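Construct all of the structure, not just a fragment, from the sequences and the given hints.
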Amino acid sequence: MKYAFFPGCIAKNVYPGIEKATRLVSAKLGIDLVDYEYSCCPPPGVIACYDKDSWLTLGARNLSLSEKDNHDIMTICAGCYGTLHNVWHTLKQDQDKMEFVNEHLSRIDTEYKGNIRPVHFVDLLSKMRDEIKQNKEIDLDFRVAVHYGCHYLKPSDVTGENSEAPKILDEIVSLLGCESVPFKDRLTCCGAGGGVMSGEPDLSLKIIDRKLKNIEKADVDCIINICSFCHMNFDQSQKKLHAYDIPVLHLNQLLGLAFGFKHKHLGLHTNLVSTRDIVKKVKGAKRESMK
Amino acid sequence: MEEKTVESIVNEGRAYACIQCGKCTGSCPSGRECGLRTRKVIHMARLGMDIYKTEELWDCTTCYTCQERCPKDVKITDIIIELRNMAVKNSFYPTMAEVPKIIIQNLYSTGNGQPLSPEVSKIRSIIGLNKEPLDASTNKDTLKKFQKLLDGLPLMQWGETQ
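Chains as they are written, first to last, in the working numbering: chain R, 1 to 291; chain V, 1 to 162.
Worth double-checking, as some hints may not be accurate.
To be verified - Distance condition first, Cα-Cα at most 30 Å in a straight line; then the derived DSS-like pairs of lysine-lysine: (1) R:K281 <-> V:K122; (2) V:K75 <-> R:K206; (3) R:K217 <-> V:K23; (4) R:K136 <-> R:K240; (5) V:K101 <-> R:K184; (6) V:K101 <-> R:K240.
Said to hold, decoys possible - Chain R side only, calculated, beta carbon under 8 Å to chain V, not exhaustive: (7) C40; (8) S126; (9) R129; (10) K154; (11) S156.
FYI, nobody ran anything at the bench for these hints, they're computed from the structure.
In this text the structure is predicted, and so the values were computed from the model without any measurement.
Glycine residues also receive a C-beta, built at the ideal position from the N, C-alpha and C atoms.
Given below as structure tokens:
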């Protein structure tokens, strides 16, 4: 199985452990990742809010790169997914926009046809449950708070997801031995999107503070996400707020731990919020599984 | 493509169907913490008022919960995004819309909204990745072409009007 790999700015340039974990886990699962000279997705909140037509064009440039080789494009961030999937969906339906985009792309001798599909890694995982179980070396037994990321789920008439009662992430963590713990308002936004984190940091912190308070009450071992941008917000905001101490892991890092990779190879030690307790628990579980 | 007006945005987003039930405001994670009142935004747009000049438009995180829950299928978040586009087009930047401009500058100079720092480059090599990832900035010709594409896009023109 071959996919064009779209790591996205945050997983490449801020939390490279997420990129590394994705490469390790994909190799185990038999997914071949192909790299291309992608730009930023660009972000649905910021660039689309400035000029939607430019956003469509830059998104289409990214899509066009692996179209030549007929590889679908795989993302690991709800933000990148939101952009690429929405661009793909819009251009499939709107001939005027498609013409606008290709008029601009022709200036750099590029054409977008719409022949490949953007997918999120979690969509691939949902069809690989047996492979996940076969590759699992350690039963993780964590209590986790899962966070889907708004643009993976919504708008549901574009994504096709059940935005009020999604299950896929809960199901995958349970395959690894973890318990997805319910908490208040679990599906609300983390507060990073729409340019709010960069434009109005105080408001963004208020939104995530409320979210973290609800997660803290659920007494979990860590937060699990499928969005590098939410990941960054969860990890950095705890330091900015000088409160909380909840480790933040991307789903692919959790998979990496369950598949037996060392925490340092997954970049867990580069998070701001310490992941020491998680690592300790993994070591305990490893001893258990060897008995 | 035709120039958008508040009226065309209202029509395209079905705001005329709004019954002012307030489910949008009640669902808004940002409105809980600030002055954003989504129902009011939609109502003002429907009345043809210059809602794009209001700063609260920029409090939206574009999480789409309001649009998802609207019983009349009004494309609320899409309308907010279109109104923001209109604000930018009319050079009406509230102060908070200034910061994302840095992201546009980063995008132009590196191809990334969030560029690579020397510290993270070091972390990349420690954990066994290429020091620098393969992307639009790896190859000079690719970056030049990317910048050429950006140069002709409306995004860059309006970025300069301020």
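Violating hint indices (sorted, rising): Hints 4, 5, 8, 9 contradicted; others consistent.
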